[in-house]
Amino acid sequence: MVRFLHAADLHLDSPFKGLSNLPDHLVKMIRNSTFEAFNNMITYAIEQQVDMVLIVGDIYDGENRSLQAQKYFVDGMQRLQKANIRAVISYGNHDHLGGKWVRFNLPSNVDVLGNEVETKKLHINDEVIYIHGFSYPERHIKQKMIDEYPVAQQNGLHIGMLHGSLAGDESHDVYAPFTKQSLLNKKYHYWALGHIHKRQILHETPPIIYPGNIQSRHRKEQGEKGFYDVHLQDDECHYQFIRADVVRYEQVVMDGTPIRYANDVTAICHKALQTVRSQGAAIVELRITNLTEEGHALWQQTSPMEWLALLRESEADETPMVWVASVTCDAPKEALTKASEQVLALIDDWDEERWQEVLGELYQQANVTRFLPQYQTIQIDEMKAQVKETFLQTMRNK
1 MVRFLHAADL HLDSPFKGLS NLPDHLVKMI RNSTFEAFNN MITYAIEQQV
51 DMVLIVGDIY DGENRSLQAQ KYFVDGMQRL QKANIRAVIS YGNHDHLGGK
101 WVRFNLPSNV DVLGNEVETK KLHINDEVIY IHGFSYPERH IKQKMIDEYP
151 VAQQNGLHIG MLHGSLAGDE SHDVYAPFTK QSLLNKKYHY WALGHIHKRQ
201 ILHETPPIIY PGNIQSRHRK EQGEKGFYDV HLQDDECHYQ FIRADVVRYE
251 QVVMDGTPIR YANDVTAICH KALQTVRSQG AAIVELRITN LTEEGHALWQ
301 QTSPMEWLAL LRESEADETP MVWVASVTCD APKEALTKAS EQVLALIDDW
351 DEERWQEVLG ELYQQANVTR FLPQYQTIQI DEMKAQVKET FLQTMRNK
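According to the working numbering, the sequence shown holds residues 1 to 398 in order.
These are calculated hints, taken from the structure and not from any lab test. Hints should not be assumed to be uniformly reliable.
[Stated by the list, open to error] As a list, the in silico DSSO-like pairs of lysine-lysine whose alpha-carbon atoms are at most 30 Å apart:
(1) Lys120 - Lys82
(2) Lys100 - Lys28
(3) Lys180 - Lys120
(4) Lys271 - Lys198
(5) Lys121 - Lys28
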């Protein structure tokens, strides 16, 4: 049996986005968070006495790695070495081998995958372990690198490391694309993936897993971040997600039905923030839904920035830190219905001359005309119907 950690996308020294409105002490904490999350992972590996750590690409955020980030990573590898823990790492599209940087020498417990698919053979706990993978020689790898991976034939445990994209998933830049079946065809016991920052289990047996990144870096990277603790023996595999992040980003939706007075707003928000706080430090976007017309009228009497300032002040002394990035509320359903009727009526009221006027303005925009049908072929009645359907569908999804 071998026990290892599977991590990816550390993005050490990443430039964080959206920090302009934060207090200085919070900015400092967030800027250091990728380093602290990495430190949390190394500490966990040592305390749990795992056998090895796999890091699947994008250790650093840029191809020209900073001295600070490299020194911090080398220190972590040296801590593993003192604990007799092996490490196998690969570099991804962000920290590819074609970059220019002042290099640090890695300790002897670290195996680095080269710029072509190769196999590392390790002996751990009387087990023979084959680790297959590669590092990016340059930033853009568009070819199907999975075709270069060997099919497992020797006895032992086979683990694939691949920093790339599931074919057809364009939520992230598509590099080294693969299909799930192409991974299964290699007959490995575990697939350690990287590149996609959202934690995903693509297949259970054998496991094909994206651990996500270990620390959120902006509001689009929601929820807990960390790595997997994996126990692997023959065809039996057990794995558990372990949090490593220092601060996370959350979006919280609250039921505003009871709101009648200002203290109702603060009470509902405080309760939601306490739930978030119980899981650690966070940056939170609050959204209030289901307001009555009375509650919505109360909300509109004060500017959103005043509500935000009030909430921030009331939460300032609470620990751990939960910073309210924004607070918004949805209009009541009744108001949405009235607004919808008004918009639909307006669409019907426009005559052909008005439509031609608006479309003429649109067709004068050179950067969009290539996406539009020929002006002469447009049927106004058909366009009205399409506009109505698109609007109604949008309102249904609110």
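Exercise for review: Please flag the earlier hints that this structure goes against, numbers listed from lowest up.
Suggested key: 5
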